[in-house]
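Protein chains in written order, with the numbering used here: chain H, 1 to 117; chain R, 1 to 113.
Read the hints as simulated data drawn from the structure, not as lab findings. A virtual CB, placed ideally from N, CA and C, is assigned to each residue, including glycine. Hints are supplied without guarantee of correctness; some may be wrong.
Below, in silico cross-link-like pairs of lysine-lysine (DSSO-like), each with a Cα-Cα straight-line distance of 27 Å or less [stated by the list, open to error]:
no., chain 1, residue 1, chain 2, residue 2
1, H, 78, R, 58
2, R, 49, R, 96
3, H, 24, H, 78
4, H, 68, H, 24
5, R, 58, R, 95
6, H, 24, R, 69
7, R, 49, H, 24
8, R, 49, R, 95
9, R, 49, H, 78
10, H, 78, H, 68
11, R, 69, R, 49
12, R, 49, R, 100
13, R, 69, H, 68
14, R, 58, R, 69
15, R, 95, R, 69
16, H, 68, R, 100
17, R, 58, R, 100
18, R, 69, R, 96
Listing some non-contacts, in silico: residues in chain R with all C-beta distances to chain H over 12 Å [stated by the list, open to error]:
no., residue
19, 6
20, 29
21, 46
22, 49
23, 62
24, 68
25, 71
26, 86
27, 88
Residues of chain H placed beyond 10 Å of chain R at every Cβ, according to the derived structure [as the list claims (entries may be wrong)]:
no., residue
28, 16
29, 19
30, 53
31, 84
32, 107
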Amino acid sequence: DAGVIQSPRHEVTEMGQEVTLRCKPISGHDYLFWYRQTMMRGLELLIYFNNNVPIDDSGMPEDRFSAKMPNASFSTLKIQPSEPRDSAVYFCASSYHFGDRGRTEAFFGQGTRLTVV
Amino acid sequence: AQSVTQLDSQVPVFEEAPVELRCNYSSSVSVYLFWYVQYPNQGLQLLLKYLSGSTLVKGINGFEAEFNKSQTSFHLRKPSVHISDTAEYFCAVSKKGAQKLVFGQGTRLTINP
């Protein structure tokens with residue numbers, strides 16, 4: 001498997017524009033996570049899905065942020081409108097839960113570096 | 001809720017010296033513990049994990065960590081570091097049976113020749 005694939009790797013956009021980040025999880029994984037990494041706040045969990053259903057979005061900073069998972073192989077994180085303080089590296093990760101028998105660790109993508117000017 | 005404290009933001013060491021990166025966690029329930037490594041401009045890669053069983057866990061690249069329940073610690077060690085170990089290291093915790101990971105702030109390990 002190619003691992004978790006994120007696109008684009010880099011995104012530069014102007015304040016006020018809509019930004020869409022994309023993620024393809026590892027095939028067969030049933031959990032998908034979106035994280036944001038900044039110098040000030042470190043790694044923060046924004047939202048995660050189980051079997052394409054959002055389970056916990058308490059980390060989503062504001063209504064400007066939204067995430068969808070229309071199927072098991074694709075997820076998007078959208079920021080509309082974007083602001084300079086949204087500049088960060090956004091990571092997608094996926095994992096598989098074996099139920100009572102345990103779980104895999106979270107496998108991370110390479111990240112999308114977002115710069116809002 | 002769980003939380004993680006990595007006591008050192010930066011650790012400089014000389015090549016071939018031993019290193020310990022400290023991690024303490026807080027939780028009222030049983031936990032899983034993880035160490036991830038992030039090389040420059042890369043995603044996070046798992047070094048090792050503690051789910052249950054032996055408290056001494058061995059991972060990739062010669063790293064190991066020991067789970068100490070009484071001290072709520074999960075320190076990462078390597079007996080002899082290499083230049084290629086230069087990276088940022090993250091300790092993470094999740095509630096047992098849960099998927100949500102909480103990360104520490106990271107420790108930047110710099111290896112000097």
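Beyond 12 Å from each Cβ of chain H, as asserted for residue 68 (chain R): About 21 Å separates residue 68 (chain R) from the closest Cβ of chain H, which puts it past 12 Å; holds.
Status of the stated non-contact between residue 107 (chain H) and chain R (beta carbon gap over 10 Å): Given a closest Cβ separation of 8 Å, the condition is violated.
Assertion that residue 46 (chain R) lies outside the chain H interface [Cβ separation over 12 Å]: violated, 5 Å
Does the no-contact call for residue 29 (chain R) survive, Cβ to all of chain H over 12 Å? holds, 16 Å
Pair hint residue 69 (chain R) and residue 96 (chain R), alpha-carbon separation not exceeding 27 Å: holds, 14 Å
Test the statement that residue 6 (chain R) is away from the interface with chain H: the closest C-beta pair must be farther apart than 12 Å. Violated, since 9 Å does not exceed 12 Å.
Keeping to a limit of 27 Å between CA atoms, is the pair of residue 95 (chain R) and residue 69 (chain R) held or broken? Distance of about 14 Å is within 27 Å: holds.
If you draw a straight line from the CA of residue 78 (chain H) to the CA of residue 58 (chain R), is it 27 Å or shorter? The hint is violated at about 39 Å.
Satisfaction of hint between residue 95 (chain R) and residue 49 (chain R), Cα-Cα up to 27 Å: holds, 13 Å
27 Å Cα cutoff - pair residue 24 (chain H), residue 69 (chain R): violated, 37 Å
What's the verdict on residue 49 (chain R) and residue 96 (chain R), does the C-alpha distance respect the 27 Å limit or exceed it? holds, 12 Å
Could you let me know if the closest chain H CB is still more than 12 Å away from the CB of residue 88 (chain R)? violated, 10 Å
The earlier numbered hints that this structure contradicts are 1, 6, 9, 13, 19, 21, 22, 27 and 32.
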